[in-house]
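> In order, the protein sequences belong to chains P and A.
When you number the first sequence by the numbering used here, it's gap-free, plus one each residue, and the end is 272.
When you number the second sequence by the numbering used here, it's gap-free, plus one each residue, and the end is 272.
A portion of the hints provided could be inaccurate.
Stated by the list, open to error - What follows is a list of derived Cβ distance ranges for each label pair:
no.: 1; chain 1: A; residue 1: G215; chain 2: P; residue 2: R157; range: 42 to 48 Å
no.: 2; chain 1: P; residue 1: R268; chain 2: A; residue 2: R81; range: 53 to 59 Å
no.: 3; chain 1: A; residue 1: R54; chain 2: P; residue 2: P247; range: 29 to 35 Å
no.: 4; chain 1: P; residue 1: E271; chain 2: A; residue 2: E192; range: 41 to 47 Å
no.: 5; chain 1: A; residue 1: L113; chain 2: P; residue 2: A66; range: 40 to 46 Å
The set of hints was computed from the structure by calculation and includes no laboratory data.
Keep in mind it's a predicted model, so treat the numbers as computed, not measured.
Ideal Cβ placement from N, Cα and C applies to all residues, glycine included.
There are 2 protein chains.
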Amino acid sequence: MTRRLSITSTSNDRLKTVRRLRRRRSDGVFLVEGHGVLRHALDAGAAIREVYAAPDLFLGAVDCSLVELAERRGARVVELSASAFASISAHVRPDGLAAVVERWSTALATLRLPRRPVIVVAEAIERPGNLGTIVRTACGAGADALLSCDARTDVFHPDTVRGSVGTLFDVPIAEAASPFAIPWLRERGVRLVVATPDGERPYWEGRYQGATALVIGSERHGVTEAWRRAANETVRIPMAAPADSLNVAVAAGVVLFEAARQRQAER
Amino acid sequence: MTRRLSITSTSNDRLKTVRRLRRRRSDGVFLVEGHGVLRHALDAGAAIREVYAAPDLFLGAVDCSLVELAERRGARVVELSASAFASISAHVRPDGLAAVVERWSTALATLRLPRRPVIVVAEAIERPGNLGTIVRTACGAGADALLSCDARTDVFHPDTVRGSVGTLFDVPIAEAASPFAIPWLRERGVRLVVATPDGERPYWEGRYQGATALVIGSERHGVTEAWRRAANETVRIPMAAPADSLNVAVAAGVVLFEAARQRQAER
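Just chain P, same shape as in the assembly:
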């Protein structure tokens, strides 16, 4: 085993660089934190450049094996004191594991779809935590891909990764401008089902059997006119007054699991 670098000072330059990754987007890499997320990254074969490990904070021996696995795969391991780790952590109770991971391409051209895919289209999402929860929900519902269109946030934002609880490494994700995404989906015979408060029928009467993209809109403005015009069908989630909307990830979950239910019943 290579001798590991060890840092105890919170003012170390390397830690300053890591803290900067929490605040500012970098083109090459992104920051992840926590045992669960690192586990997903390793299982998915992500390129992990650096692991920051604070053994004093570890919850069990399984944390050591995870670090060793990352090291064998080529990650540089830096050992931190508990206080040094706290200075790079965004968690209230950090578990002593963080990593710097290489971004991968999210170009539309890289998406490989099965024959009858379910795709989630998330339009102009503003909050990275919401985007992360949408990724987690899409993964849980068995969606084949997430298409983030005109996003106001970075899909590799630390809060997106955290909200996804690591499923960001599992769900194929593409980013595209809507004017490119709409024809791209149409050319592949994907039916567009748009979820909107004024949808023509309740979501449980929607049809999700064939190749389907479920389109959900931004937190404040919902789905834009471009997608509504392109829709093959619009569905609504009937709401009890005085509520007039749901959190965007909750709305995605309600419709996606109905789609999963219908597709399963059909098989």
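Following the hints, complete the assembly by docking chain A onto the known chain P.
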């Protein structure tokens, strides 16, 4: 109209008190922010003690009328400069409206239920934002009450209010320890449906027609043994690997809207 107090200095003592409400629980009052939330508070007849208004940040004349309505109902209005308002705001783009509101009793004994209620039981929720999104989801699905059991967070936490987008003022909420809540529900003939990953049947095969409490557990540990033993039925949300769980508010939404759908179909 009473002459309004006006503050431009961010170090004003009154603003320090308001900022403290963001960080620390107070027994008598809680802090709310934003036009939408204040609207819900007024519509619900909440006791608004103080309104903090920064007209320079207002988005429209409707904000002025809201402040005037609160003033007519007895709230003390304090006008702030944009910078003074920013010092008490938790929002990236504050809309110039915040208020200090009186807490109300969340004792179980205060809950009034209809004949065949749907109740959401949220057990040991840790994150106030999640609790708020559960409140919003419960409201949207037409639930009659939310019962927060053994919560690790305050139902009047600023992030709960924010996550609820104001529906905290609309959904009847009670807080109780589980050993009191379980017999309380049983005595009222409420059927307990527990959502858990190892539930005996898929959630869409659950029965939600009569008086029903949907029980959801904490973010990390799920529903505890006490509620599982008390369950009349356990349901699961079938999950696609490698995902093994959903955000707790998303899970609540998926099951609650299925319950709403079944109850509507029956009518």
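> It remains to establish, for every hint, whether it holds in the given structure.
Here is what the structure says about each hint:
Taken as a hint, the range 42 to 48 Å holds for the pair G215 of chain A and R157 of chain P, whose Cβ atoms sit roughly 44 Å apart. Hint check: R268 of chain P to R81 of chain A, Cβ distance near 57 Å, so the stated range 53 to 59 Å holds. Between R54 of chain A and P247 of chain P the beta carbons are some 23 Å apart, a value that contradicts the proposed interval 29 to 35 Å. For E271 of chain P and E192 of chain A, the hinted distance range of 41 to 47 Å is satisfied, since their beta carbons lie about 43 Å from each other.
With their beta carbons about 44 Å apart, L113 of chain A and A66 of chain P fall inside the hinted range of 40 to 46 Å.
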